[in-house]
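2 protein chains.
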Amino acid sequence: MRIFNVKTIIVGGSATGMGVAARLKRNDPNATIVVYQEKSYVSLGACGLPYFVAGNFSDPNNLIARSITAFEENGIIIVPNTQVFKIDFENKLVYFDNKTDSYDNLVIATGATPYIPPLVGVELKNVYTLTTLEDGIELKKAMQNPNIKNVAVIGAGFIGLEMSETLSELNKNVHLFELEERISPNAFDPEFSQFIKENLEKNKINVHLSTKVTEIKGTDQVQAVVLADNSLIEVDAVVLALGFRPNTEILRNTKLALAENGAIIIDETGHTNIDHVYSGGDAATSSNYITGELIYSPLATVASKIARVIADNIANKPAKFVGSIRSAVVRVFDLGYARTGLGEFEAKKQGYQIRTVLIKDKDQTNYVNGQTDLYLKIIMDIKSRQILGAQMSGAVKAMQRINTLAALIWSKVPVDEALEQIDLIYAPPFARTTDILHIALAKLNK
Amino acid sequence: MRIFNVKTIIVGGSATGMGVAARLKRNDPNATIVVYQEKSYVSLGACGLPYFVAGNFSDPNNLIARSITAFEENGIIIVPNTQVFKIDFENKLVYFDNKTDSYDNLVIATGATPYIPPLVGVELKNVYTLTTLEDGIELKKAMQNPNIKNVAVIGAGFIGLEMSETLSELNKNVHLFELEERISPNAFDPEFSQFIKENLEKNKINVHLSTKVTEIKGTDQVQAVVLADNSLIEVDAVVLALGFRPNTEILRNTKLALAENGAIIIDETGHTNIDHVYSGGDAATSSNYITGELIYSPLATVASKIARVIADNIANKPAKFVGSIRSAVVRVFDLGYARTGLGEFEAKKQGYQIRTVLIKDKDQTNYVNGQTDLYLKIIMDIKSRQILGAQMSGAVKAMQRINTLAALIWSKVPVDEALEQIDLIYAPPFARTTDILHIALAKLNK
Chain A
1 MRIFNVKTII
11 VGGSATGMGV
21 AARLKRNDPN
31 ATIVVYQEKS
41 YVSLGACGLP
51 YFVAGNFSDP
61 NNLIARSITA
71 FEENGIIIVP
81 NTQVFKIDFE
91 NKLVYFDNKT
101 DSYDNLVIAT
111 GATPYIPPLV
121 GVELKNVYTL
131 TTLEDGIELK
141 KAMQNPNIKN
151 VAVIGAGFIG
161 LEMSETLSEL
171 NKNVHLFELE
181 ERISPNAFDP
191 EFSQFIKENL
201 EKNKINVHLS
211 TKVTEIKGTD
221 QVQAVVLADN
231 SLIEVDAVVL
241 ALGFRPNTEI
251 LRNTKLALAE
261 NGAIIIDETG
271 HTNIDHVYSG
281 GDAATSSNYI
291 TGELIYSPLA
301 TVASKIARVI
311 ADNIANKPAK
321 FVGSIRSAVV
331 RVFDLGYART
341 GLGEFEAKKQ
351 GYQIRTVLIK
361 DKDQTNYVNG
371 QTDLYLKIIM
381 DIKSRQILGA
391 QMSGAVKAMQ
401 RINTLAALIW
411 SKVPVDEALE
421 QIDLIYAPPF
431 ARTTDILHIA
441 LAKLNK
Chain B
1 MRIFNVKTII
11 VGGSATGMGV
21 AARLKRNDPN
31 ATIVVYQEKS
41 YVSLGACGLP
51 YFVAGNFSDP
61 NNLIARSITA
71 FEENGIIIVP
81 NTQVFKIDFE
91 NKLVYFDNKT
101 DSYDNLVIAT
111 GATPYIPPLV
121 GVELKNVYTL
131 TTLEDGIELK
141 KAMQNPNIKN
151 VAVIGAGFIG
161 LEMSETLSEL
171 NKNVHLFELE
181 ERISPNAFDP
191 EFSQFIKENL
201 EKNKINVHLS
211 TKVTEIKGTD
221 QVQAVVLADN
231 SLIEVDAVVL
241 ALGFRPNTEI
251 LRNTKLALAE
261 NGAIIIDETG
271 HTNIDHVYSG
281 GDAATSSNYI
291 TGELIYSPLA
301 TVASKIARVI
311 ADNIANKPAK
321 FVGSIRSAVV
331 RVFDLGYART
341 GLGEFEAKKQ
351 GYQIRTVLIK
361 DKDQTNYVNG
371 QTDLYLKIIM
381 DIKSRQILGA
391 QMSGAVKAMQ
401 RINTLAALIW
411 SKVPVDEALE
421 QIDLIYAPPF
431 ARTTDILHIA
441 LAKLNK
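Going line by line, the protein sequences match chains A and B. Under full-length UniProt numbering, the first sequence has 287 at position 287, and the numbering climbs by one with no breaks. Under full-length UniProt numbering, the second sequence has 35 at position 35, and the numbering climbs by one with no breaks.
Extracted from the complex, chain A is given alone in its bound form (with noise of 0.2 angstroms):
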């Protein structure tokens, strides 16, 4: 299908923006594509980030998935550089510098930005976050400085966590901040917290949980952080990782539909409740595969599967973004975590009746060389017998275990007898003949 003469503007050069582009050329390669970014490049890998402050690899440009120039020679028009501060809905105009554009199609792909809270101290000099590329040069030189010596990683979720590896592969003193009384409480149940703690504490990270940060102190560099009991903790630098909040602050006060928190709300197309205009990823809502909830779920794996949807529904091809299930995964030194659906206070609180199992097994025989521990925690709705979600923790190579049960939630088969029986690859190197899987179903299943 082809259009003709129809002008899509992206405001955003990143995973959805750039999706959209490049797929939108395929699906139609007369179609006229302007792309406004901000920075100086587009298509940053961020997710990448933390692996260039530790050191795994030297050229920043490793984490450009793809250059300005490749996205030209396709004949997408990239204005680098550039920020769009208004849109004007009705006359279909987007504004930047002292100059306007004009489009048929427009897709807000303007991602978000760390929160940073309004501490005393938060501009102080060796305060940081990690989004853009510029974020992960400047951390990376900053943390060559020998007399950087303790750092604070304010937050527990996957960014905080990937930060305090990082920094302690530095030789680093970090001291990681969590508000909530346990790890990354929005993607994993308490054991799973618990787990990743101890994994923490045995890597020498101190963790503060229930602690809140009420200060940076310092002059011009930081000094200490403070916290709600007036304590001090000596650090000479702050890594902020609060989560992020979409960038829509010039969309506040116009007609386009936002969430509570910010976020464009679109529908399962991509599009918002403005005629043409479209967004997804990091700057939009999406939505719960089990629940058919509206979420905000900043993923790249959302972001660029949306994008795809948006590029066909511009090009005349209808798709629909069918949800997430929320599936993630984060290594913390040698050992990794993964989730997918719902939590188990997630599940009850969506009124499901569950059955939950956790089991404690090993990812393959004793006899070959490799053999690590395994868990895994299945959320099963009594009613239904269907998975609601699962958690798991063990070696990285054993990590790809949780997709077999991202599959099954999305099939949305029931847990019996001819599941039990699922037929798992074994061989000694691989696994063992009864799957950590097996036991999980079967004790469900009774």
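Be aware that a few hints might be false.
Any copy will do: because identical chains look the same in the list, a pair fits if it lies in one copy or spans two.
To be verified - In silico lysine-lysine, DSS-like type, Cα no more than 27 angstroms apart, as pairs:
| id | residue 1 | residue 2 |
| --- | --- | --- |
| 1 | Lys360 | Lys197 |
| 2 | Lys317 | Lys383 |
| 3 | Lys317 | Lys443 |
| 4 | Lys25 | Lys362 |
| 5 | Lys217 | Lys140 |
| 6 | Lys172 | Lys141 |
| 7 | Lys197 | Lys149 |
| 8 | Lys25 | Lys360 |
By construction, these hints were calculated from the structure, which means they are not laboratory data.
Here the structure of chain A is known, so what remains is to put chain B in place on it, guided by the hints.
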């Protein structure tokens, strides 16, 4: 549920037999269970033998999953070193030594033995098979002899592959002979046979395809193998890996129904055609989950599942084995090869109209150490759009992905827009945002 005064005799003390024994005792602590076992041990994990020979561990008892003593402490009677040589189904008697024993229920779990071809020279010293603990100990000892430099492995199925690797790690010069024109033709499609061949050759294994060994030459010791074209290849030892034959000689010319290859025909409850007589594992048939066909698939994973089914049925807890999709994996040096479901040829033979994709991609991001190549083939039924089979190769750490496909086959979900969007885990050390599975599903769904 309890059964009173019911005696179950189990012939054979490997995976199936001991699996039935253990679960039956759990089902009914008062059950009388007697196991007749040819060997001095039970519960051998024979899959581990190549790793024992390779020197991954030195104590062969590591391969014994559970000792006779442990079973006996549990109230299971084990009669080791005893061969049942006749069964009288009419009078419900088993014959051994010069005695008989009578049963209410009988489980024939005699397993299988390696096929020994009728070759001149097959009785020579230094001609080995690898199924029993004694085989393993003998072969390992023999291979310590530095005068054994060149070894022939006959048969390029999974055990032939594992043995080629094992012998190569013991610094032997290995010649691998396969009658068919490609590696593991019953497990893999030609593309993957070729990948394995390239890997073997990269690792200095001499691969001889479409090659029939017609004689083993030697006086006392092996000196060479003779090929169909009368050429000679000098070897100092031979390992036979030509597949398995069910151990059912004593059942020929009885009323027990056997398949063409001698496997005991069982139904989905593990029951044979004779009342109160069950069988399973390597001695018996099983069924294909997709096609319902009776198959012979001597895999440990099938044995352990059918054992549960038999034990439950004997204990009056109705249970059914729903079939196998022949999920299997083999490691060859540093790479894994996995398969599940129907192969392309098999699917066509079954009359399916199929679409296939073969994708090459990477297992994780490029900027974290350890990125490796993956190949994934999926076979889809065009009519139902269900996945019929999949094959994969890649690093050991990437292989669990095949279980995601096994789960999709098991769930019988169609390949559609929703499945294309299956939510899989992503983080830089584990995957790419768009996994090879997404790429394959999108291509299938075009």
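Comparing the hints with the structure gives:
1. Lys360 / Lys197: within (17 angstroms within a copy, 38 angstroms between copies)
2. Lys317 / Lys383: For Lys317 and Lys383, only the inter-copy Cα distance (23 angstroms) is at most 27 angstroms; the intra-copy one is 37 angstroms.
3. Lys317 / Lys443: between (45 angstroms within a copy, 16 angstroms between copies)
4. Lys25 / Lys362: between (47 angstroms within a copy, 25 angstroms between copies)
5. Lys217 / Lys140: Close inside one copy (22 angstroms), not across copies (67 angstroms); limit 27 angstroms.
6. Lys172 / Lys141: within (14 angstroms within a copy, 51 angstroms between copies)
7. Lys197 / Lys149: This pair counts as within: shortest intra-copy Cα distance 22 angstroms, inter-copy 52 angstroms.
8. Lys25 / Lys360: between (49 angstroms within a copy, 24 angstroms between copies)
Against the hints set out earlier in the document, no violation occurs for any number.
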